[in-house]
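Visitor: Sequence:
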Amino acid sequence: MAFTLFRRKDRTVNFIVTDYMIRFVELRQMEPIVVECYGERELPEGIVRNGEIIDYESLKLILEDVLIEWGIKKRDVRFAVPDHYIAIREEQLREDLEEDEIKGYLFLQIGSTIHLPFEEPVFDAVVTGETNGRKNVLLVAAPEEEVRKFCELFEDVKLRLKAADITPLSLYRFFYYQGLTEENRHELVLHVRRNLMTISIFHYHQPKFIKPVSLEDAQSSALLELGEEEVSGLMDALKEVANVVNFYENSIYKGQAQIGKVFVNGDHPRLAFVETYIRETLGLSVAEQEGIEVIDKDGEPLPCAYYAAVGLGLKEV
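For the sequence shown, the working numbering assigns the number 2 to the initial residue and increments by one for each residue that follows.
Worth double-checking, as some hints may not be accurate.
[To be verified] Restricting the straight-line Cα-Cα distance to at most 25 Å, the calculated cross-link-like pairs of lysine-lysine (BS3-like) are:
#1 K75 / K61
#2 K163 / K262
#3 K61 / K209
#4 K316 / K262
#5 K240 / K75
#6 K255 / K104
#7 K209 / K316
#8 K75 / K298
#9 K212 / K316
#10 K74 / K104
Hints listed in this document are in silico derivations from the structure and should not be mistaken for laboratory results.
All chains, please: the whole structure from these sequences, using the hints.
Guide: Okay, here's the thing in structure tokens:
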């Protein structure tokens, strides 16, 4: 019988690519979380736009450069699919469907009884329970063409694809492993980046709602000026948060559910403004994050902008 006295070190790197940044994390250990190395590289404007790779060759050259700089060539890689393309659906399927039959069944139903905002999706599905003799299945989908571009990008720079995920799940997974989530609570996660806010709601540790909202006034490279336009773009997105909360609580759950906790994260410079708005205007409880302890191998705290990449690294733990 084969065995090992020591657990093999996981050398997988975890990448999140946005319109303006490549960001990665490699974990040294999971409990407690210690980061082996991490880094980011600003992307010139126009290489990636709204989650779509516009200038493939330039992005490839930048990625090749950072792999050398960060010392992470020829590794296994996980990456996050851009939020712009995510679609989730909850479906109820026949109870007699075996788990290994579910994806094939869903493939046949997509486009006929299951409608997605794009054609030719790549998707995953998980059984979340049973109700009235029907299997509850969560379907997470993205357009195959856009996902394939990112797969080809990482393969072209000699990284080995291990898994793909979506950022809302990765970020929630991070808070879950910090012991901050509660199964029975309806929880709102706001991932606020410079040009995009992704609104996600979780219940029983499963995503129930995901919606990316563009911060339309924050598209230029000068977006960190902290001026009135930036706040205006945030305000439009925050009003959409209020609409989503109202729709979720009163239309979906008919007034029988309330958002119990809000988690705010991202690299937007006005996160404190977002938290204040959520508390004072929407009257919702925002999770305190001062107790979160994630350090690098030198004992220094990890910037919160990397939390989603850490959550990506916790996939399959």
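Visitor: Each hint needs a verdict: does it hold in this structure or not?
Guide: The hints, checked one at a time:
| no. | hint | result |
| --- | --- | --- |
| 1 | K75 / K61 | holds (14 Å) |
| 2 | K163 / K262 | violated (32 Å) |
| 3 | K61 / K209 | violated (35 Å) |
| 4 | K316 / K262 | holds (23 Å) |
| 5 | K240 / K75 | violated (44 Å) |
| 6 | K255 / K104 | violated (31 Å) |
| 7 | K209 / K316 | holds (19 Å) |
| 8 | K75 / K298 | holds (22 Å) |
| 9 | K212 / K316 | holds (22 Å) |
| 10 | K74 / K104 | violated (34 Å) |
Violated hints, in rising order: 2, 3, 5, 6, 10; the structure is consistent with all others.
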